[in-house]
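Visitor: Working from the sequences, and respecting the hints, build out all of it.
Here's the letter readout for the chains.
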Amino acid sequence: MSPIIKKKGEKFTLPGKYLLFILTLLCTGLIVITFSTDLLSAPISAVGGFLITPLQNGVSKAGSWLNTRSEELVQIRSLLNENEELKAKIDELTMENIKLQQDRYELTNLRELFDLDSQYDEYDMVGARIIAKDSGNWFHSFVINKGYEDGLMIDMNVLAGSGLVGRIVDVGPDWAKVMSIIDDNSNTSGMVLSTSDALIVSGDLELYAEGVIRFEKLIDHADRVVEGDKIVTSNVSDKYLPGILIGYISKVNVDSNNLTKSGLVTLAVDFEHLEEVLVITELKQTVEE
Amino acid sequence: MKRFLVSVFLIILCFLLQTTVFHWMEFGGIVPNLMIVLTASFGFMRGEKTGLLYGFFCGLLIDIFFANVLGLNAMIYMYIGYSNGKFNRIFFPDEIKLPLILIFFSDLAYGFLYYVTLFLLRRRFQLDFYFWHIILPEMVYTILITLFLYPLILWMNNRLEDSEKRSARKFV
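Protein sequences, first through last, are from chains D and V.
Numbering-wise (numbering that gives the first Met the number 0), the first sequence opens with residue 0 and increments by one.
Numbering-wise (numbering that gives the first Met the number 0), the second sequence opens with residue 0 and increments by one.
Just so you know, these hints were derived from the structure itself, not from any lab.
Don't be surprised by glycine CBs; every beta carbon is placed ideally from N, CA and C.
A portion of the hints provided could be inaccurate.
[To be verified] Taking lysine-lysine and the DSSO-like style, the derived pairs with C-alpha atoms no more than 27 Å apart in a straight line are:
1) D/Lys16 x V/Lys1
2) V/Lys1 x V/Lys169
3) V/Lys48 x D/Lys16
4) D/Lys16 x V/Lys85
5) V/Lys85 x V/Lys164
[Stated by the list, open to error] Cβ-Cβ distance ranges computed for the label pairs, FRET-style:
6) D/Leu25 x V/Leu135: 31 to 41 Å
7) V/Leu97 x D/Leu25: 47 to 57 Å
8) V/Ala167 x D/Leu39: 32 to 42 Å
9) D/Asn96 x V/Leu126: 45 to 55 Å
10) D/Glu81 x V/Asp93: 46 to 56 Å
11) D/Val235 x V/Leu143: 39 to 49 Å
12) V/Leu126 x D/Leu79: 42 to 52 Å
13) D/Lys229 x V/Leu97: 50 to 60 Å
14) V/Trp131 x D/Lys250: 17 to 27 Å
15) V/Ile95 x D/Asn256: 54 to 64 Å
16) D/Gln100 x V/Leu120: 51 to 61 Å
17) V/Leu143 x D/Leu99: 49 to 59 Å
18) D/Asn256 x V/Leu97: 48 to 58 Å
19) D/Asn80 x V/Phe130: 36 to 46 Å
Guide: Right under this line is the structure:
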């Protein structure tokens with residue numbers, strides 16, 4: 000007799016294996032739906048914003064406070080030494096700064112002549128704090144504490160310090176999920192700053208353990224690209240604004256097809272110690288198809 | 000009802016700890032997997048059904064926040080919870096070896112399934128790298144945390160069972 004047929008007076012219970020079967024079907028359905036459409040993203044972000052994000056925000060703040068205090072104690076001694084060094088460096092940099100300001104003055108004049116926008120410093124940016132990181136150890140996405148109520152949208156670029164961190168892939172009322180460029184499934188269209196040669200920077204979990212990620216499909220017949228060249232986001236990327244620093248080339252190899260080159264990139268951003276990020280509240284201009 | 004509230008509280012607590020506080024004390028970039036500890040523990044303490052429900056909701060929570068497709072983690076965690084439930088028959092509360100072994104292998108299974116679904120299918124064949132650098136460290140760290148977390152979970156479960164028994168007796 001089937002175990003789900005109810006006997007008289009007996010309380011109805013669903014055996015485990017039937018429940019397992021039903022939930023498996025449900026999961027498969029959800030996977031298919033979310034993989035092919037984005038029907039479910041609105042209710043999901045509502046749940047997240049309502050329930051979890053405020054809590055994560057609080058816990059994260061408390062945790063980072065404790066962490067900072069304990070690190071402070073350890074670091075005081077080394078900070079004293081560092082202070083001396085930095086003071087010496089300030090003098091050095093002040094001199095350099097004066098020189099650069101003169102250059103900049105010249106640059107602005109030249110730009111006006113060429114009628115070009117200066118990049119980067121003219122983007123409108125919003126600061127945000129990282130409140131949670133990926134629960135597992137496989138990817139490097141994280142959640143920040145601002146969402147569409149602060150004007151953020153999907154595909155906005157996220158920076159930290161001077162380099163590119165990633166882009167927003169999911170947004171709720173007061174939170175947004177950022178996929179970083181070191182994520183194993185992330186590919187970023189970039190170019191070498193000095194020669195404007197296009198290439199693809201792709202995140203790689205294995206290489207990231209050594210502190211670098213991979214670039215591919217660089218076409219450079221003239222052999223002008225050398226180690227140490229800056230890689231920035233390319234003009235032709237449809238998600239990233241142009242000219243944002245990604246990192247520096249640390250190794251170049253010729254691919255076995257003898258046409259393209261690939262190699263390693265040292266990143267401009269220290270992903271291990273990210274706390275605050277900047278979001279550019281401007282989307283890359285795209286052409287409607 | 001009490002059990003339901005405690006479960007919701009536990010799942011959310013573990014999720015919050017795992018995504019926030021534990022990232023402040025990661026070793027070599029690895030965080031322990033509290034959700035697996037929770038799912039597996041309730042699996043072998045309470046049986047298949049509780050295990051699979053715990054797994055489903057733990058996984059779903061992770062999916063909602065960090066996954067690109069909804070339901071994959073839910074499915075993996077659910078099967079892990081269900082398989083742990085199979086060991087309910089040989090589970091005794093004052094024996095710690097079985098829970099440690101089960102949680103150890105649950106995390107291994109999780110790591111392996113996650114690798115197969117999200118990495119192997121994208122042509123990342125270096126299983127040995129992923130095993131030595133991610134799956135194994137995560138297992139070891141998770142087991143370390145289990146030594147502290149599991150007694151708490153067990154204690155909470157015993158308290159719940161006591162109070163359920165008491166209220167059941169009242170009605171008889």
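Visitor: If a hint holds in the structure, say so; if it doesn't, say that too.
Guide: Hints versus structure:
For the hint pairing D/Lys16 with V/Lys1, the CA-to-CA distance comes to about 25 Å; that is within 27 Å, so the pair holds. For the hint linking V/Lys1 to V/Lys169, the alpha-carbon distance of about 16 Å falls within 27 Å, and the restraint holds. Proposed proximity of V/Lys48 and D/Lys16 is supported: the alpha carbons are some 8 Å apart, at most 27 Å. The hinted pair formed by D/Lys16 and V/Lys85 meets the criterion: a straight-line CA distance of about 11 Å does not exceed 27 Å.
With a C-alpha separation of about 23 Å, the suggested pair V/Lys85 and V/Lys164 falls inside the 27 Å cut-off, and the hint holds. At about 32 Å, the beta-carbon gap between D/Leu25 and V/Leu135 stays in the expected band of 31 to 41 Å. The hint said 47 to 57 Å for the Cβ distance between V/Leu97 and D/Leu25, and at roughly 31 Å that hint is violated. For the hinted restraint 32 to 42 Å between V/Ala167 and D/Leu39, the CB-CB distance of approximately 40 Å keeps it satisfied.
The hinted window of 45 to 55 Å between D/Asn96 and V/Leu126 holds, with their beta carbons roughly 51 Å apart. For D/Glu81 and V/Asp93, the hinted distance range of 46 to 56 Å is satisfied, since their beta carbons lie about 53 Å from each other. With their beta carbons about 48 Å apart, D/Val235 and V/Leu143 fall inside the hinted range of 39 to 49 Å. At roughly 48 Å, the beta carbons of V/Leu126 and D/Leu79 sit within the given window of 42 to 52 Å.
Between D/Lys229 and V/Leu97 the Cβ separation comes to about 56 Å, which falls inside the hinted range of 50 to 60 Å. One distance hint, 17 to 27 Å for the beta-carbon pair V/Trp131 and D/Lys250, holds here, with the actual separation near 23 Å. A C-beta distance of roughly 57 Å is found between V/Ile95 and D/Asn256, which places it inside the suggested range of 54 to 64 Å. Range check, D/Gln100 to V/Leu120: Cβ separation about 53 Å, and the 51 to 61 Å hint holds.
Separated by about 51 Å at the C-beta atoms, V/Leu143 and D/Leu99 satisfy the suggested range of 49 to 59 Å. About 55 Å separates the C-beta atoms of D/Asn256 and V/Leu97, a value consistent with the hinted range of 48 to 58 Å. For the hinted restraint 36 to 46 Å between D/Asn80 and V/Phe130, the CB-CB distance of approximately 41 Å keeps it satisfied.
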